[in-house]
Structures are given as C-alpha cells and as structure tokens.
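Chain A is fixed; fit chain B onto it per the hints.
Protein chains in written order, with our numbering: chain A, 7 to 383; chain B, 233 to 605.
These aren't lab readings, by the way, just hints derived from the structure by calculation.
C-beta: ideal position from N, C-alpha, C; glycine also.
Careful: at least some of the hints might be erroneous.
Which residues of chain A face chain B? A few of them, derived with a C-beta cut under 7 Å, are [as the list claims (entries may be wrong)]:
no., residue
1, Leu148
2, Ser150
3, His154
4, Gly161
5, Asp192
6, Val198
7, Ser202
8, His355
9, Val356
Here are the computed distance ranges between Cβ atoms for each label pair [what the hints assert, rightly or not]:
no., chain 1, residue 1, chain 2, residue 2, range
10, A, Asp372, B, Pro581, 44 to 54 Å
11, B, Thr389, A, Gly73, 45 to 55 Å
12, A, Ala285, B, Ala327, 30 to 40 Å
13, B, Ala278, A, Pro173, 23 to 33 Å
14, A, Val297, B, Gly355, 43 to 53 Å
15, A, Asp379, B, Thr556, 28 to 38 Å
Each chain, letter by letter, is given below.
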Amino acid sequence: MPARERDFTAPTVQLLTPEGELRATPEAEAYLPLVEALDDATLQRFYRDMTVSRRLDVAGANLQRQGQLALWVPSLGQEAAQVGSAHAARPQDHIFPSYREHIVGMIRGLDPVRILSLLRGVTLGGWNPEENGNFHLYTLVLASQTLHSTGYAMGLQFDGATATGDPDVDQAVLVYYGDGSTSQGDANEALVFASSYQTPQVFFIQNNQWAISVPVSRQSRSPLSLRGGGFGMPGIRIDGNDVLVSYAVTRRALEEARAGDGPSLIEALTYRMGAHTTADDPTKYRTDAEVEYWQQRDPISRYRTWLGGKGASAAFFDEVDEEASDIAADVRRRALEIAVPTREKMFAHVYSEPHPLMAEQAAWLDAFENSFDGDAE
Amino acid sequence: MSARIDEEVRVTDVANGASGLDTPSATRPAEAPAAAAPPVDSPAPAVRGVQTLSMAKAINAGLREALLGDDKVLLMGEDIGPLGGVFRVTEGLSAEFGDKRVLDTPLAESGIVGTAIGLAMRGYRPVIEIQFDGFIFPAFDQITTQLSRQTLRHDGTLSMPIVIRVPYGGHIGSIEHHQESPEAYFAHTPGLRVVSPSSPHDAYWMIQEAIASNDPVLFFEPKSRYWPKGPVDLDHSGLPLHASRVVRQGTDVTLVGHGAMVATLLQAADIAAEEGRSVEVVDLRSLSPIDYGPLLDSVNRTGRLVVAQEAYGNVSIGSEIAATVAERAFYSLEAPVLRVSGFDTPFPPAALETEYLPSPDRVLEAVDRSLAY
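Here chain A stands alone, though its shape is the one from the complex:
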C-alpha cells in the first residue's frame, strides 16, 4: 500500500526580503498597492515603533534583573509582526492581546507604564480598554482571549456595528495569540464560533517558533495557516519579520471583516530572539545556528535598509534612536514610582454589587492591621 500524500505546505507571503529589497512574492503582489499608498510619515512611524519596542525590551529586562519587576516578557524579534498588524487596525477596532504585545498597546495609545504595573505586581489588570484605544487587557491563561474576542465580534454583529458599508464606522476585532496557544481548546473553539457566526474578526498568530522550550513542530505538523481552511475561513502565512506584509495582509483581512466577509486567520512567521520571559533560559533547548539564521532575517535591520534606500537620512535614524532611549528612560523612571496599592483594592472590585464577605473581610483586615498601629515604632 503506497504511503499517503503527507505534503502540507503553504506559501509564505513576503514583500520585503531579508536583504531589504521590496520584491513581492507571487502571492504578495496583490498587496503592493496597500503599501504604495502609505506616506513617508507612516513608513517612518513603522520604523520608530519597532525601534521603541526593541529599546523597551532592554529597559524591561533590566528592571526585572534589578528586582523592580516580577517578570518581563520580551518581544525581541517580533517587532514587525506586531507593529505592522497594529497599524492595520482602525481606531474603532478592538484589539485583544495575549501578553507580549506591548508596542501594539502603545500604538493604540496605552501608556507602557500601565503594562509595567501588571508585571510589577501592583494590579491584575492595569487599564480600561475603553479609554486606551480599545486595547483590551492582557490575558495570561493561554488562548482564553480568543473566545472573548469572538464574543465581542458577535456583539458587534448583533449591534449592527459592522458591515454597514461605511469603513469609518464599521468595527472589527483583531486578536493576537501564539503558536503554543493554537493547541489550546479555546483557540479552536474560537475558530468554530467565529466561522459559525461569520464574525468580523482577524486571528493573528505570532508563530515565534517556541512555546517556552517546546518547538512549534510539537504543536503542529502542518503550517498553522492551514488551520483556517479546516474551520471554514481563509488562512494566510506571512513573513512576520516583514513589517510591510504584516501591515498589508492584516489591513486587507480587517477590511474584509468590516465589510461583512467574515473572519480570517493570519500566521506570522517570526522568531522569539530572546527568552520566553526573564524566567527562561533558551540556551538549554535551542542552537546558536538557529538563532543566527533568524538574526539574518531581523525585522528592523531589513526595514532600515529599505527605508535608507528610499531616502531616509542618517539624521532620521539617529533621532529615532534618541527618541526610543528617551521613552525607555522615562518608562523606567516612572515604573520605579508606581505606587503600591492600598489593601482595600483586594476587596473593592471582586464584585460589581455589594457582597457581605468582601465587606466583612475588608473590615476585619483593617481592624487587624490597625491593631498594630501602636507597635509600629
């Protein structure tokens, strides 16, 4: 009996080569007009945001090593996937992050110190999405947010807040998760619900090749983008280290979602250049050669080459470096000033409505702590 065909492949859509040349792959040609429509300021903004993200990673890791953060979650190497897709969303769209999308939050107007307050251990949330560019809270239980995003998108449909034909009003949802999360039941149930209800939604998988120490080959034997088709929605694999294709493909997918054409799935091939978190040690499970391979495909250097070729000046790059350093220094300074919450915060918002246990226990703790006041000196 002949072996069955087991060739699962998907083309990788790319606009910008690792060498920094704009040379669309065949599948990418349709996206070129979206990039050609971008003005210089926007193109420069992409570079700035990627640089800020990388600089913030250094600051965050340092703060953690100095005992100022419980944990830092780096995005090193994933800047293009995040920055391109984030700029594809419109202000009215809703974004459901995982917990690594710091620059996405900043692009939506979130003060990164809010994220640091979560990682510093002073809050379980940190911001109100409605006041921060519809950038929802981080979710630490993997893939839980995929279902929340799908439910939100169902609500947009029920409200008639999408597919009206007015792109300035129509809303869509963009949800981020990772290659490890694709194995979670919730990620798969979200695809089922999204397809069933034809939600206005884009699933954006950052395939950074590693779920802490386990390679993506343990999660899937076929390209993750192929999973879209299995659930009844388009799936597309992109070079996630190409900020232009990340922008253009996400832009198109969100436009289709807003227009009522249903959900789609994007797999962005990228690489986690650093550790999973500051608690991780990647030298124990991956090779220098692999890291070297991905260094050759760095998202920022290729984009810098291309921007330089288009005429961006050395002064521009210097200015961005300085601005990124200033932002990182400012974030660091303010992170050290984050106040410790008062103990009432433990009880205050467990419920929306009064609850006898919260009242009793808050009062008891107050009385207990106050009983030591005389001994404090």
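The following block gives chain B in isolation, referenced to the frame of chain A:
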C-alpha cells in the same frame, strides 16, 4: 419523581415574610406582560395574581420576562432553540424572540462561556444553559479564571452580568454525568454568585433577579423539581436573591438544605412531626454568598442543626455551614452540627442512587443523633 411536598407551605411563608426579609426585589424588569399570559400586545394587567406552574415553566416565564424587559438579554446554549432545551425550559422562546436572542450555539461549553464574556464586554447580558451538571467542566477554566475575575481586573469599570443555568442533581435515574451536584466548586470561587431555587415561585423570581445582577451568577436548577407544580405569585418576589428563608417552623432541631433537598427535608419534618418532634427547615436559596441570619436565628432557638445536601460531603457547602455555625452559634449549640451528604464517591449508577442520595430516613437518623446529645 415526587410531588409530595406541600408547596402551599412555602408560598404562605413567602406571603407572611417568614424570614423577615420580605423586601420586594428592586431589580426585576418593570412593566413586562404576564409570563404565561397571552400575546405580547395585550395590555399588562395591574395585578397578575397567583398561577400554578411547574418550576420548568416558571423559569421559562422568568426568562421570557427578562427577554421582554431588556433587549440586551440573550439566551445561549446547546439545543435551546427550536427544541427548547433537553428539559424544554426554553420552549417557545426561540420562536418568539428569534435566533438572534436565543442562540443555539456550537457544541462547546468553554466556547459558550468564553464568547458570553466577550458579549458582556460589549454590553450584553447572556444567560447560558449548560445542558447537564456534569458537562460544565469544559467551561470551568473560563468560569473560574476569566468570568469570575474580569470585574476585578478592570478595577470595577467592567461588569460581568452573565447567568449560567445548570440543571443539577439526582433522582432522575439517568446515566453518568447527568445527576451531579457541582455547586461547591463555584461557591468556592471568588467573584461568582451561586444560587439554587427550591420552588416554582422562587425559580420564577430568582432567575429574573440573577439576570438583573451585574455579577456572574451560577443558577443551579434542581432538575428533579422541574415538573412538580406549585403556586407562583407573579406580583411579589418576597425575598431578595441572596436571602435564605425558614420554610417550616419548629422548635427541636433545625434542618438546612438547598434545591431538591428542601423537599426531602420537608418530608423528613412531616415524618418527625408524626413522632412528636418539631423540626424547623431552612431553605438556603443562595450558596454564595450564604445568608446566615435566618439560619443562626433558628439554631439559636433550636440548639441543633443538621445540614443536608446531595453533593459530596467532603469539603462541601455543608462543611462551610457547619464551621460557620460552630463559630457563630457555639454557645447555643446543644449538639455538634451534623452533615447528611452524598457519599464521597462519584455519583453511582442510577440503580444505586436511592442509597446514595440523602433520603428522609437518613435525615431523620441524623436528627435522632443530634437529639441524643
């Protein structure tokens, strides 16, 4: 299935405000037409009076009121549309309100709860039906790590008005995973509220109050009590959602339970009365938070307490009640608080369920032990 309990006793107690907590609910949707009354466009009568309904019909009527009263209320679940749910609790609602208000979802419990959270973020008030008690666990993660904590994470700027209806408990002779009592898992979880009605009247009002609550509520429906009929006062709730209530007054010993167990306790009290013992029965109604006031008042009078539940006894609602009553009524107690529970085994094959489930006789055995001190 048994309809022996005297429903009249409880509704009389409601009318009399037996527990002293007869505050009408402030939260029920106003001006909704009578539940079982005819078409939507007929004028709503000022006084709707008392109807005799089964608990299943009473919940159906309560859901209908909630759907009429607030267009953000949605029903979600498996087979709840044209079929009306496997217990027919949502019968007719899909036809009346359409498939945008009554959603037959894909068959995935975590997906149902997870998408309901997203819908609540968008301002909806989803009411979920979990088909059977033993099938809630695929959603356990979304309920305990997400639903229960969203309000806290959002510093109170986001409410989670989601109701999860769970038909639960034994006495129906069904197969594995269809007769369980998992309420303690949820009562143990901060951020959730957990209630369980024991009568059609309470079911009618409590489902509406749960839907009106801005917190997530696990609504445990004792499925063995779905079909016995009882009076439902359509004009007066009688009690707030989280109040417990004395449903039978007595002087010698207090029995406390919730859901279907209340019927068993009332049967036990009848038998005890024939033997010359006066037994008080307290219906908890709310399992989180627990309203200890009426229970402690009762124990302070009788000096003896037996807690009964279908659920496993180990680390259970009954354990919590025993500990709390021992702390707060220590000097009133004439005997240790005794528990009558399901055994600490998985719910057995239905052929053994009558031995597994606390019966009036097992409750009376505990009453005898209590009175022996």
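Hints, verified against the model:
no. : hint                            : in the structure
1   : Leu148                          : 10 Å, violated
2   : Ser150                          : 5 Å, holds
3   : His154                          : 4 Å, holds
4   : Gly161                          : 3 Å, holds
5   : Asp192                          : 6 Å, holds
6   : Val198                          : 5 Å, holds
7   : Ser202                          : 5 Å, holds
8   : His355                          : 4 Å, holds
9   : Val356                          : 5 Å, holds
10  : A:Asp372 - B:Pro581: 44 to 54 Å : 52 Å, holds
11  : B:Thr389 - A:Gly73: 45 to 55 Å  : 31 Å, violated
12  : A:Ala285 - B:Ala327: 30 to 40 Å : 55 Å, violated
13  : B:Ala278 - A:Pro173: 23 to 33 Å : 50 Å, violated
14  : A:Val297 - B:Gly355: 43 to 53 Å : 46 Å, holds
15  : A:Asp379 - B:Thr556: 28 to 38 Å : 29 Å, holds
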